[in-house]
Amino acid sequence: MFFPLAKGEAEAKGFPELAILQVPHPLGSASAEQAFVYGENLAEDVKKVLTERTIDVNGEGGVQEDEAISVNYLPEQPLDFFEKVNGFYYQQKWTDGLPITPPIYERVHQMLNHTGYAPDHSLGEFAPTWANTTVEKVAVNAVMAGCKPEYFPVVIAAVKALLDSRLNLYAIQATTNPVTPMIVVNGPIAKELGMNSKANVFGQGNAVNLSIGRAIRLCMMNIGGALPGEMDRATHGQPGKISFCIAENEDDNPWDPYHVENGYQQEQNTVSIFGVAGTHNILEQTSTSAQNLLVVIAGSMTPLGINNMTIGGEVLLVMSPEHAKLIKKCGFSKDDVKKFLYDYARVPLSMFPEETKQKQLFKRRPKWFTNVPDHFSVPVVDYPEDIKILVAGGDGAHTTFMPSFGASSRAVTVPIERFPD
Amino acid sequence: MASIEVLNPIATSVKKTTNAVSKLDQIEGKRIAFLDNLKPQSDQVLNGLKDFFAHSGNETAMFRKIDTPTPVPEPVVQEIKQKYHAVITGVGD
Chain A
1 MFFPLAKGEA EAKGFPELAI LQVPHPLGSA SAEQAFVYGE NLAEDVKKVL TERTIDVNGE
61 GGVQEDEAIS VNYLPEQPLD FFEKVNGFYY QQKWTDGLPI TPPIYERVHQ MLNHTGYAPD
121 HSLGEFAPTW ANTTVEKVAV NAVMAGCKPE YFPVVIAAVK ALLDSRLNLY AIQATTNPVT
181 PMIVVNGPIA KELGMNSKAN VFGQGNAVNL SIGRAIRLCM MNIGGALPGE MDRATHGQPG
241 KISFCIAENE DDNPWDPYHV ENGYQQEQNT VSIFGVAGTH NILEQTSTSA QNLLVVIAGS
301 MTPLGINNMT IGGEVLLVMS PEHAKLIKKC GFSKDDVKKF LYDYARVPLS MFPEETKQKQ
361 LFKRRPKWFT NVPDHFSVPV VDYPEDIKIL VAGGDGAHTT FMPSFGASSR AVTVPIERFP
421 D
Chain B
1001 MASIEVLNPI ATSVKKTTNA VSKLDQIEGK RIAFLDNLKP QSDQVLNGLK DFFAHSGNET
1061 AMFRKIDTPT PVPEPVVQEI KQKYHAVITG VGD
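From first to last, the protein sequence lines stand for chains A and B.
Numbering-wise (this note's numbering), the first sequence opens with residue 1 and increments by one.
Numbering-wise (this note's numbering), the second sequence opens with residue 1001 and increments by one.
Quick caveat, the hints were computed from the structure, so don't treat them as lab data.
Think of the CB as a built atom: it goes at the ideal place given N, C-alpha and C, for glycine as much as any other residue.
Treat each hint with caution, since some may be false.
Stated by the list, open to error - Residues from chain A that keep clear of chain B, each with C-beta distances beyond 10 angstroms, as calculated:
#, residue
1, Pro16
2, Pro102
3, Pro103
4, His398
What the hints assert, rightly or not - The list that follows gives simulated cross-link-like pairs (lysine to any residue, SDA-like), each with its CA atoms no further than 20 angstroms apart:
#, chain 1, residue 1, chain 2, residue 2
5, B, Lys1023, B, Ile1004
6, A, Lys47, A, Gln22
7, A, Lys325, A, Glu261
8, A, Lys47, B, Ser1003
9, A, Lys339, A, Gly396
10, A, Lys48, B, Leu1024
11, A, Lys48, B, Val1021
12, A, Lys7, B, Ser1022
13, B, Lys1065, B, Lys1083
14, A, Lys359, A, Lys48
15, A, Lys13, B, Ala1020
16, A, Lys13, A, Phe82
17, A, Lys363, A, Tyr383
18, A, Lys47, B, Glu1074
19, B, Lys1023, A, Thr51
20, A, Lys7, B, Asn1058
21, A, Lys357, B, Pro1071
22, A, Lys359, A, Ser122
23, B, Lys1023, A, Leu21
24, A, Lys13, B, Ser1056
25, A, Lys357, A, Lys48
26, B, Lys1023, A, Leu50
27, A, Lys48, B, His1055
28, A, Lys325, A, Gly396
29, B, Lys1065, B, Gly1029
30, A, Lys357, A, Ala30
31, B, Lys1023, A, Glu52
32, B, Lys1023, B, Arg1064
33, B, Lys1030, A, Lys93
34, A, Lys367, A, Ala290
35, A, Lys48, B, Thr1070
36, A, Lys48, B, Arg1064
37, A, Lys84, B, Ser1003
38, A, Lys93, A, Glu106
39, A, Lys7, B, Ser1003
40, B, Lys1030, B, Glu1059
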């Protein structure tokens, strides 16, 4: 099932001749004996491709021309241009399925006026095709997403964070997991742009949140090349893969906001990206103590099948102001919360079934699953600091738990640069 | 009929210069490395292959990733490049 990804990446890296052979899927549920036979059966073919050339290689690059597209339309029909552009872009697989704003030159130019970078400045290589990420291509996708020019510094910062190796964008783009980048904006710029950090923060209704999140997804498809069912191998995906961008609710946060916790000044603007596998609501309305509330939250962080139980890494909690303020009122700092949850968000070893332990957990999280007594309990994260905490949302006694992609992907925070400063 | 130009959103240089994959002149006497991506049963598939080459007289060795989605550490890449003639690995589930 990963053949399109392997082939696409080999071609993108300039090695179309790379030998790729397949074993039957699913492999994980095959017996050890069957899997061994799969290997034996492939051996003669592997031997052959190690010595024989399979295609001609002429040494020429496959650079695609960067040409504007001329669209003819009937001016007497008000929607003709819009529909023609949208029909063509959809056919080319350049959209997320929703109508886009046509990226005419003037709009892209306006976007570029909000950055100090030259249009051809490269922000890096975008996985999984490792394409050159020019500022102009980001601007084209931001226009398509419906961003206003003043949002562009946030989009640029988000792309920089995406391309930071700590996030491991390649794995996020190519996996069968539903994991997707969630963008979080901190600092005064969130209010200046009119971002939502309060009621229904993950939902519909705010054009700034939605268009910035959408711009990032369009970049992931059009620059990174991760098209669903092709190089994006997601089994289910998730709605957050269309757009997932919020601002932290700094007004109602009883602790330091996330960017200050991570070494930035309150008045600095930042973008943080978390690779999240989904959202799980935790409702707890009865607690009058932090301990009571945190026990409920801890108990909601430990399903056996989440990525973190299998491979560790970070998890994210987005607390409503109501939950956060109750915990703070009881004298808990953020670090106290992390320590408490590290101790309580655990699963007894005996709860894990034998096949899962043998085939997966012993190999991928050996620290917690091998050479430990039967009564041992496995924490959802390897360290207390792997529990990340944000405050966002409106009134209500809710916390959202988001498992991540595991230990290979870490949250990244970058400053937002504004031009002119 | 009127006309307006719109810009192309996909990356300008998706593909890089095409290179040939190096091939072995013969299998005999070559050292073959295997890299386990830690997906369930991937080690067994590679063991099946490894046994074949070992029985053919090739020197073989198994390497393991730290974690499936984490890139292979550079020292391991260098060790494989310096000590082995070919590497066989897997992607996906």
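Comparing the hints with the structure gives:
{"no.": "1", "hint": "Pro16", "result": "6 angstroms, violated"}
{"no.": "2", "hint": "Pro102", "result": "5 angstroms, violated"}
{"no.": "3", "hint": "Pro103", "result": "5 angstroms, violated"}
{"no.": "4", "hint": "His398", "result": "30 angstroms, holds"}
{"no.": "5", "hint": "B:Lys1023 <-> B:Ile1004", "result": "50 angstroms, violated"}
{"no.": "6", "hint": "A:Lys47 <-> A:Gln22", "result": "14 angstroms, holds"}
{"no.": "7", "hint": "A:Lys325 <-> A:Glu261", "result": "17 angstroms, holds"}
{"no.": "8", "hint": "A:Lys47 <-> B:Ser1003", "result": "56 angstroms, violated"}
{"no.": "9", "hint": "A:Lys339 <-> A:Gly396", "result": "25 angstroms, violated"}
{"no.": "10", "hint": "A:Lys48 <-> B:Leu1024", "result": "10 angstroms, holds"}
{"no.": "11", "hint": "A:Lys48 <-> B:Val1021", "result": "14 angstroms, holds"}
{"no.": "12", "hint": "A:Lys7 <-> B:Ser1022", "result": "17 angstroms, holds"}
{"no.": "13", "hint": "B:Lys1065 <-> B:Lys1083", "result": "18 angstroms, holds"}
{"no.": "14", "hint": "A:Lys359 <-> A:Lys48", "result": "31 angstroms, violated"}
{"no.": "15", "hint": "A:Lys13 <-> B:Ala1020", "result": "11 angstroms, holds"}
{"no.": "16", "hint": "A:Lys13 <-> A:Phe82", "result": "36 angstroms, violated"}
{"no.": "17", "hint": "A:Lys363 <-> A:Tyr383", "result": "19 angstroms, holds"}
{"no.": "18", "hint": "A:Lys47 <-> B:Glu1074", "result": "26 angstroms, violated"}
{"no.": "19", "hint": "B:Lys1023 <-> A:Thr51", "result": "5 angstroms, holds"}
{"no.": "20", "hint": "A:Lys7 <-> B:Asn1058", "result": "28 angstroms, violated"}
{"no.": "21", "hint": "A:Lys357 <-> B:Pro1071", "result": "24 angstroms, violated"}
{"no.": "22", "hint": "A:Lys359 <-> A:Ser122", "result": "42 angstroms, violated"}
{"no.": "23", "hint": "B:Lys1023 <-> A:Leu21", "result": "16 angstroms, holds"}
{"no.": "24", "hint": "A:Lys13 <-> B:Ser1056", "result": "32 angstroms, violated"}
{"no.": "25", "hint": "A:Lys357 <-> A:Lys48", "result": "36 angstroms, violated"}
{"no.": "26", "hint": "B:Lys1023 <-> A:Leu50", "result": "6 angstroms, holds"}
{"no.": "27", "hint": "A:Lys48 <-> B:His1055", "result": "16 angstroms, holds"}
{"no.": "28", "hint": "A:Lys325 <-> A:Gly396", "result": "12 angstroms, holds"}
{"no.": "29", "hint": "B:Lys1065 <-> B:Gly1029", "result": "26 angstroms, violated"}
{"no.": "30", "hint": "A:Lys357 <-> A:Ala30", "result": "15 angstroms, holds"}
{"no.": "31", "hint": "B:Lys1023 <-> A:Glu52", "result": "7 angstroms, holds"}
{"no.": "32", "hint": "B:Lys1023 <-> B:Arg1064", "result": "24 angstroms, violated"}
{"no.": "33", "hint": "B:Lys1030 <-> A:Lys93", "result": "45 angstroms, violated"}
{"no.": "34", "hint": "A:Lys367 <-> A:Ala290", "result": "30 angstroms, violated"}
{"no.": "35", "hint": "A:Lys48 <-> B:Thr1070", "result": "30 angstroms, violated"}
{"no.": "36", "hint": "A:Lys48 <-> B:Arg1064", "result": "24 angstroms, violated"}
{"no.": "37", "hint": "A:Lys84 <-> B:Ser1003", "result": "11 angstroms, holds"}
{"no.": "38", "hint": "A:Lys93 <-> A:Glu106", "result": "23 angstroms, violated"}
{"no.": "39", "hint": "A:Lys7 <-> B:Ser1003", "result": "38 angstroms, violated"}
{"no.": "40", "hint": "B:Lys1030 <-> B:Glu1059", "result": "7 angstroms, holds"}
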